Each structure stands twice: as structure tokens, then as C-alpha cells.
Amino acid sequence: MKRGFAPWADPSQQPLVRFDAVTKRFGDVTAVDRLSLDIYEREFFALLGPSGCGKTTLLRLLAGFEAADAGAILLEGRNIDGVPPYRRPVNMMFQSYALFPHMTVAANVAFGLKQDRLPKGEINARVAEMLALVKLERFAHRKPHQLSGGQRQRVALARSLAKHPKVLLLDEPLAALDKKLREETQFELMDLQARLGTTFVIVTHDQEEAMTMAHRIAVMDHGHVKQVSPPADLYEQPNSRWVAEFIGDINIIETVVVSQTGDHAVLETAAGRRFSVGGVADAGAQAFMAVRPEKIRIALTPPLGGGLNHVAGRVVDIGYLGDMSIYKVRLDDGSVMRASLANARRGSERDIVPDQPVWLSWPPEAALLLTK
Amino acid sequence: MSAFGGAGKGWGARLVVIAPYAWLFALFLLPFLIVFKISLSQTAIAQPPYTPVLDLAAGWEGARAFLDGLSADSFVLIGSDTLYIASYLRSLEIAAVSTALLLLIGYPLAYAMARAPARLQAVLVMLVVLPFWTSLLIRVYAWINILQRDGLLNQALVRLGIIDEPTTWLATDAAIYVGMVYSYLPFMVLPLYATLQKMDDSLLEAAADLGCRRFKAFWAITLPLSLPGVVAGGLLCFIPISGEFVIPDLLGGSGQMMIGQTLWSEFFANKDWPVASAIAVVLLCVLLVPIGAYERMQVRRFEEGR
Ligand SMILES: Nc1ncnc2c1ncn2[C@@H]1O[C@H](COP(=O)(O)OP(=O)(O)OP(=O)(O)O)[C@@H](O)[C@H]1O
Ligand SMILES: [Mg+2]
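So the protein lines, in turn, are chains A and B. The opening residue of the first sequence carries number 1 in the working numbering; numbering runs sequentially from there. The opening residue of the second sequence carries number 1001 in the working numbering; numbering runs sequentially from there.
I should point out that these hints are in silico values taken from the structure, not numbers from a laboratory. Only a predicted model underlies this, so the values are computations on that prediction, with no experimental measurement involved. Heads up, a few of these hints could be off.
[As the list claims (entries may be wrong)] Computed Cβ-Cβ distance ranges for the label pairs, DEER-style:
| hint | chain 1 | residue 1 | chain 2 | residue 2 | range |
| --- | --- | --- | --- | --- | --- |
| 1 | B | V1299 | A | A107 | 45 to 53 Å |
| 2 | B | P1117 | A | Q237 | 41 to 49 Å |
| 3 | A | L181 | B | L1136 | 56 to 64 Å |
| 4 | A | E129 | B | R1296 | 33 to 41 Å |
| 5 | A | R142 | B | V1299 | 14 to 22 Å |
| 6 | A | H141 | B | L1104 | 33 to 41 Å |
[Unchecked claim] Far from chain A, some chain B residues (derived; all Cβ distances over 12 Å):
| hint | residue |
| --- | --- |
| 7 | L1030 |
| 8 | L1067 |
| 9 | A1142 |
| 10 | C1212 |
| 11 | G1253 |
Every residue, glycine too, gets a C-beta built ideally from N, C-alpha and C.
All chains should be modelled from the sequences, with the hints used to inform the complete structure.
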């Protein structure tokens, strides 16, 4: 479903939404800082970042609840500065759901349609269609307080989709659901988005959720966008140490670039250990070598054959996670690296025990060269 | 229930349950029973000024004589004399009009308070309750000064050229309504403020997001959700205003009396304790209707978990 969809890579495509150097301040807090971002039609776009980095503010700027202090927000190429929320073809699904407690489920879903003065028959048809979409037909006449958390979430979704918005904004839509329901709902949302073709902008601070659902993810920090990439690129090609450490688990080793040959660089740590890493950097520059735990091979013997980066150390801790185990290994220089190993066979993890001398190795292509 | 009733519970826990009931029994039910008993008595030139009086020393015979002495004459009188009925109707009318005025003035006030910056709100609440720091009687006397022929109100109106010469304010219905609205405003504003203040702002944002303008959102969302506050404030004003005595007595004219005034004159002028008590009992019964409705609404809201 996700494959082949990449309007951001096509220079002839116009973005549906464009944030152009947008700044929003609250007193002396700069919630969004000269942020630029393009979102394309039919895209499932995720905003990911630590708490307080400005994700909600970004959505509220687009919905029209906040006005930007500087910069412009364009929708279909037109500046929507000053357009009030009730005139924007954008709908929001609130984190608290914000269902009207005194109205039935059907009345909640119909609310937006009634504001447009649609004929009654059309409203009823659309409400029925929306409730069918979220499988809540049988609950049309309930009040919100008579529903479970998951059902309320679906009412909120139906209500925000009823007006067929150009962009649907979802602020942590699944945060209140338990893990299992959340995973089910993720796939329902993806399916819905693909069927309706509506552009979704979702805020989450669950990385896996963003990775599962989104075409592209914007990683934010302190009101800035650090990187915008499809999930796999974000994981495999983070553009900075900060993003690399924010997404998943990673070992970072501080080094200096010794030499550059072709598309490989040789890096050296302060302790004089050398590594070969795929990437380009100026000799003599500061650089980080980053390698994810699952890309490191852990063994009881030194690796055979040259070309592999390897270090020796002692196991200090083993974290058993069921599907895999994480090994913390202390190197000779005192630093600690993490390697993970899938528990493919039952009992296989017992070959390596705490305090055992082990070898860690990884090919140059598995590691990343980060210069910032 | 069972959470407190367990055999293992200490005295403290039991006291927590019993105390409010004991309070209600001693300070509400018992006095009411005494009033009810007096309402079934006859006037007498005696001390106390009614018969029969329960003579516990006379034992069983005494109790028999006591029960035989009770009668519903006072209630029959209230029901047959249009004076009393007119007085009740006048009270309900004044209470209804005052409550409506209070709502018209109190709602915008409470709304503005709930929308004010958070730091200001505490100050505003303080200002609303500030009048309670002086006695009601003194404040009503102040209104006499303001409303009398050469009072501040007339002076101001003449000075501003709105009227040519002073008009009569004191001893009119207008004066009663001024007094009622002034005295009961906090009872209307505070419950309204409480419901409006805890209302979730995101509901209004959701309404705006779905294409609803502010003004319309007020009628579609804010007002319906604030109805519990409207009802609470309305009852908190309507019920005591129905039985109000001081304000109509000091500010009102000599026309039709409110039921509180009628009760007062039966009690102090006519020394007719049984009729005065019967008036109180009937008033309570009349007011039980809205109180019951309110109670039902509270229970429903509790069940809705809101
Ligand atoms: N109405 C406001 N008044 C003052 N400061 C605000 C307001 N709204 C947001 N902020 C501040 O702006 C910054 C960004 O807030 P925002 O709600 O956008 O963060 P977020 O990324 O959504 O965080 P979270 O993941 O915790 O929801 C925070 O520092 C926050 O304190
Ligand atoms: Mg947020």
C-alpha cells in the first residue's frame, strides 16, 4: 500500500499544505520556530517528537486555533492566515475526543454537516455512512458517556471525517487506548486513510505507531523539524546524532575522521581504536559512528576474515525481552555497547552468560557516519 | 453502604455516616414536626398560645386527649380564605420574576467571570461574595436611602436629565425586584460560574472546527451544558425568595403581602400560631415540587458520571 507513493520526491507536485518559516511564541516560549514543512495530498504524515516540542501547536496552527507570529501557512497554494477555524476545510480529531456530552452519537456526527445547512436526507445518509465506516451503527442513539473508550474514539473519528475535510488532523488519537486495541486501530486508520484518500496529519509520541502508519515522519525538537523521511529512511539514515538516538536504540561512538577512501571513511576513537564506516566526511573532522544493536554480531570468538569492525569486551548485563535479548558489553576502554540477538531457538541465549569475554563485530555498511 | 456498615469498622467510620442524619434530624425534622404539630392546634389565650399541649405526666390518657384536640382547622382556613391564596400566588409571582431577572443578569456575569484570565477569576469571585460581609438588613436599609424620593437614584436621574422631577421608587414592586436581585445575585452567579468554569474549552474548539460560529456555538453547546447550573442557581434563588420577608417588608408597598409577610403578621400581630405554622407547612409543600425535581436531576447527572 505504501509502495510507490512518493509525491515529495516529485518536484512537479504541489504540496497540499505548506508551512513556510512559521513561528509561534507563547510568552517567552517559542513553541514553533521558523518551521518549514510540505505535506502532500493523500499523504499519511506523522509528527513525532518529545513532549513539549510543538506538535500540538503545529496542528492548532493548521486548524486555525492559533495564529502564527511569523511565516505563512498555505493550503492548496493559498495563504490561510486569518481564515477562522469554522471556514477551514480542515478537521481535527481532538486528543480528549471533545465529544458533545449532551448529544447522541448520531447528533455528534451530524453536527458539522448541520453547520453547512445540508438537506436533512443528505445529513442522515452521511451520518449512516460514517457510522458504518467506524462500525458504530448500533450505537447511533447512545450518548458519549454510554460508550467505551475505543467507541468514543471512533465517534470522534467519524465526526471529524463527516465533512470530508481536505486534511484530517489527529492529535494522539490512540493515546487513551490499551496496547492491543491501539494496534488494531492503527491498521483500521491506515485502511480508512487509503480508502478515503484524505490527507492525515497525526501527532504521536509512539515511534512504532508512526513507523507503522505513516508515509513520512517529521521528527521535531524544540519547535524545529530535525528530519522528514519515510520510516525506513529515518531508521536507517538518520541525519544527525539527535535523530539517531531518538529513533530506536543505537550505539554512538565519538571519533575523528582519519582518512576518506571512495565511499568509506576510517574513524579513530580517542583510545586509538579504528573503524571503517560507509559515508563521506572530511579528514580530521569530528564524527560519530552509529550502529544499531541488531546490526552487531556478538560471538565468543574473534570474527574470521578482515574488513569487519570488531571490538572485544565483557558481558555486564543481559536483558531478556522474549523475542530477543539485549547484551550490554563493557569494552576495554570502559565504554558500554549494546548488541541484540533474536532468540531464534529456545535456550539459545544461554550460550552467552554475564561476565563472559565476547567479541562484537559489524560490517562497515551497517554503521552510520554522522557529522552532527 | 456496606463500605461503612461492616462489623469491623470503628466508631469513626460509623460517626461519619450517622452525623449528617443526626444533624438533619435534630435541626430540620424535629423543628418541622413541632411546627407541624402546632399547625394542627387551636389558638388559645394561654402560654404557649395554643391547645392542646402534650402533657406527658398525664400518661396514656393525656396522649388520648392530646390527639383528640388536634384539628385541621388552620389548613381549612388557608384553603378557603382568598387572602392566603393570593398571598401565595404573589410570592410565587415575585419569586418567578425575580429569578428570571437574576438569570438574565447573572448568566452574562458568570459567563464573563468564567472567561476572564485565570488570575482575575479568584478576585472576581471574591467581589461577588463581598456583600455577605455586611448584614443583609444594613444593605437593604442602604437601598431605602438610594430609592427614596430625595435619594441617590432620583438625584442622579434628574441630574442626567432622564426625568424632570423625582419619581416614587420606594414602596413599589420595582423596589422589591431591585432588592431581590441585589440580595440574591451571588446565589445565582456562583453556581452558574461553577458550571461554566469547569466546561471543557475543547468542546467549543471542536464546534468551531466543525464549522460553527462562536455565537451559534453558545446556543448549541455552552447553554445546554450549563443547564444544571441554571437550575441550581434558579432554585437557590426561587426557594428563599418565595419565603422572603425582610425585603418586601422594607422596600415594598402596603399592597398585597408576600406569604412571608402574611406569616409574620399571623404570628406576631394576630398571635395565631397554628395558622402561621400551617402557612409554613403549606409553603414547604409547595416548594417541595421544585426541590424534588432538582433532586431527580442531580441523581441523573450522578448516574451519567458527569
Ligand atoms: N496556550 C499556551 N500557552 C502557553 N504556552 C503554551 C501554550 N500551548 C503550548 N505552550 C507551550 O508550547 C510548547 C509546545 O507545546 P505543544 O503542546 O505544542 O507540545 P507537544 O509537542 O504537543 O507536547 P506533548 O507531546 O506533551 O503533547 C510547550 O513548551 C508548551 O508549554
Ligand atoms: Mg500535544
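Now the hints, each set against the structure:
1. At about 24 Å, the beta-carbon gap between V1299 of chain B and A107 of chain A misses the expected band of 45 to 53 Å.
2. Between P1117 of chain B and Q237 of chain A, the C-beta spacing of about 47 Å keeps the proposed range 41 to 49 Å intact.
3. Look at L181 of chain A against L1136 of chain B: about 58 Å separates their beta carbons, and that is inside 56 to 64 Å.
4. E129 of chain A and R1296 of chain B have their C-beta atoms about 38 Å apart, which keeps the hinted 33 to 41 Å range intact.
5. Evaluation of the 14 to 22 Å hint for R142 of chain A and V1299 of chain B yields a pass: the beta carbon distance comes to about 20 Å.
6. The beta-carbon spacing between H141 of chain A and L1104 of chain B, approximately 35 Å, falls within the hinted interval of 33 to 41 Å.
7. Against the 12 Å criterion, L1030 of chain B stays outside the reach of chain A, whose nearest CB is about 40 Å from its own CB.
8. Interface exclusion of L1067 of chain B from chain A stands, the closest Cβ pair being 52 Å apart, more than 12 Å.
9. At the 12 Å boundary, the C-beta of A1142 of chain B stays outside the reach of chain A, the nearest C-beta of that chain being 42 Å off.
10. Distance check on C1212 of chain B: its Cβ comes as close as 5 Å (rounded) to a Cβ of chain A, failing to clear the 12 Å threshold; non-interface status is violated.
11. For G1253 of chain B, the shortest C-beta to C-beta distance to chain A comes to about 44 Å, beyond the 12 Å cut-off, and the non-interface label holds.
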